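Position chain Y with the ligands relative to chain E; hints supplied.
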Amino acid sequence: MNSKVPLKLTVNGETFDIEVEPRWLLSDVLRHQLGLVGTHVGCEQGACGACTVLIDGKPERSCLTFAIQVEGQQITTVEGLTRGEHLTPLQESFSAHHALQCGYCTPGMLLTATALLEQEPHPTEQRVREAISGNVCRCTGYQFIVDAILAVAGDTKEDVR
Amino acid sequence: MKPAAFEYQRVTTVAEAVKLLRDAPDAKVIAGGQSLVPLMNFRLTRPSLLVDVNGIKALQHVVWDGTYLRIGSLVRHQQIADHAEIQKHFPVLAVAARHIGHWAIRNRGTIGGSLAHADPASEWPAATVALQAEIDVEGPQGIRTVPASEFFQGYYSTVLQPDELVVAVRIPYPKFRLGFAEIARRLGDFALAGAFVEDDGGQGFVTWFGIADKPVRVHTVLPDNMEARREAWQQALGTLAIADDSKSRRHLAVQMAERAWQHSRLEGGKYLSEEAAGGDPL
Ligand SMILES: Cc1cc2nc3c(=O)[nH]c(=O)nc-3n(C[C@H](O)[C@H](O)[C@H](O)COP(=O)(O)OP(=O)(O)OC[C@H]3O[C@@H](n4cnc5c(N)ncnc54)[C@H](O)[C@@H]3O)c2cc1C
Ligand code: FES
Ligand code: FES
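Note that the protein sequences, when read in sequence, are chains E and Y.
Under the working numbering, the first sequence has 60 at position 60, and the numbering climbs by one with no breaks.
Here the working numbering = 1-based position in the second sequence + 161.
Isolated chain E (complex conformation) (with noise of 0.2 Å):
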């Protein structure tokens, strides 16, 4: 029961052929297999948001996910938010606003303040807040990660004008 299937993994674009067994999760595959040790874990239980990742382009917990499941699909951890060296306008409103201390939840808070911009640019503090309300964060207390998500919505507002 302990033997490995092959898989196709697409994961930033690209797509590994590994193998893997089935209660292999998602989160350990792409950390453990890929190397992409951008997506972290906390919990293992979907409370922290920690191994957040985009499927298809939707905000999902890498951790309650198994590898298996999503061959075909499109995976975006955080190392494929930018190709290159440079950091995405999101990801310069966090390092501006000083939105992160340790970095633990910072690749799940920003997977899941691209996904929100994506869908909707312009978005209140209040769906802000909602959006990432499943991402826990111990050392900030949330609001210059508040504050670094509404200013590139604000900056992507000028560029409309």
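Pairs of lysine-lysine, DSS-like flavour, derived with a Cα cap of 27 Å:
{"id": "1", "chain 1": "Y", "residue 1": "K336", "chain 2": "Y", "residue 2": "K249"}
{"id": "2", "chain 1": "Y", "residue 1": "K336", "chain 2": "Y", "residue 2": "K431"}
{"id": "3", "chain 1": "Y", "residue 1": "K180", "chain 2": "E", "residue 2": "K4"}
{"id": "4", "chain 1": "Y", "residue 1": "K249", "chain 2": "Y", "residue 2": "K218"}
{"id": "5", "chain 1": "E", "residue 1": "K58", "chain 2": "Y", "residue 2": "K163"}
{"id": "6", "chain 1": "Y", "residue 1": "K189", "chain 2": "Y", "residue 2": "K218"}
{"id": "7", "chain 1": "E", "residue 1": "K58", "chain 2": "Y", "residue 2": "K249"}
{"id": "8", "chain 1": "Y", "residue 1": "K218", "chain 2": "E", "residue 2": "K8"}
{"id": "9", "chain 1": "Y", "residue 1": "K163", "chain 2": "E", "residue 2": "K8"}
{"id": "10", "chain 1": "E", "residue 1": "K4", "chain 2": "Y", "residue 2": "K163"}
{"id": "11", "chain 1": "Y", "residue 1": "K431", "chain 2": "Y", "residue 2": "K249"}
{"id": "12", "chain 1": "Y", "residue 1": "K218", "chain 2": "E", "residue 2": "K58"}
{"id": "13", "chain 1": "Y", "residue 1": "K180", "chain 2": "Y", "residue 2": "K218"}
{"id": "14", "chain 1": "E", "residue 1": "K8", "chain 2": "Y", "residue 2": "K189"}
{"id": "15", "chain 1": "E", "residue 1": "K4", "chain 2": "Y", "residue 2": "K189"}
{"id": "16", "chain 1": "E", "residue 1": "K58", "chain 2": "Y", "residue 2": "K189"}
Each pair of labels, with its calculated beta carbon distance range:
{"id": "17", "chain 1": "E", "residue 1": "G103", "chain 2": "Y", "residue 2": "G430", "range": "31 to 41 Å"}
{"id": "18", "chain 1": "E", "residue 1": "G57", "chain 2": "Y", "residue 2": "G430", "range": "21 to 31 Å"}
{"id": "19", "chain 1": "E", "residue 1": "G141", "chain 2": "Y", "residue 2": "G362", "range": "46 to 56 Å"}
{"id": "20", "chain 1": "E", "residue 1": "P89", "chain 2": "Y", "residue 2": "Q396", "range": "55 to 65 Å"}
One-sided and incomplete, this derived list gives chain Y residues near chain E with beta-carbon spacing under 10 Å:
{"id": "21", "residue": "K163"}
{"id": "22", "residue": "A165"}
{"id": "23", "residue": "L200"}
{"id": "24", "residue": "W264"}
Honestly, the hints are just simulated from the structure, not real lab data.
Computed from a prediction, not measured in an experiment: that's the story for all the values here.
Heads up, the beta-carbon is just placed ideally off N, CA and C, and yes, glycines get one too.
Then chain Y with the ligands, alone, in the frame of chain E:
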């Protein structure tokens, strides 16, 4: 800890799923996995076989025919929150859906999984009882229809047999307006208490969740006077076997019933607004 080893099978039809479940006694269905995988991660459950039903297209539809709303068991919580026809004709479901867990949980968790899991603090079991829905269940003998009021048996327990699948929920168009309210410690947490209230004019029904071991639709008078109404909520509460009975739990139950009733009276856009039915501190 990590999940114990299991075999994994993907299916595309209900018949295939039922056959696998019948042949392997400790097999389990995986839908959204948002309740099952946490249990597996802590090895509180260790199925020998997971039957992944996510590829069954027939379970993914929402159909409104003017009399009944039919929601396939694989429809995700977030799809219900965002569905234009549900927002229009069954707005109480859209409002309730927004209170289930967090965005990432709602994107994957399904209504069928929630009904099968039967957590007494969950929104969907109470919603189906409050709206007098019927639950379609398919097993080796074919499809049977179970009224929601008979489906839930207690804590995490339903009439579902191990080789049966929830395939759909059928909800009749409500004749009267319903309201919803819940309170949780944080946005997205399981409810400390919540309620659906139906106002038929002077009387109606209240269905609580997070209060007893299963949702029950309780008849009550609904006087215009608030003090008299609070008394009525207390009376209705008195008919239930309240879990971990305490003054604070009763207080929350009464508050949520009252708030749900007030929600039922909001008009138009206000009814669906972000603030409506919210669980801000009392
Ligand atoms: C952090 C967090 C917060 C949450 N907060 C809430 C909340 O506030 N309110 C709430 O209601 N829920 C909450 N949930 C649970 C979530 O709603 C789940 O989606 C739901 O309880 C189960 O649905 P699922 O599709 O994920 O089912 P799964 O986890 O896949 O399955 C759950 C159980 O049901 C069985 N099952 C699944 N589908 C079927 C089917 N079609 N037929 C027969 N059996 C089936 C499975 O075998 C399993 O035993 C939360 C979850 C997490 C992780
Ligand atoms: S590790 Fe997945 S939600 Fe905490
Ligand atoms: S920055 Fe430390 S947990 Fe958020």
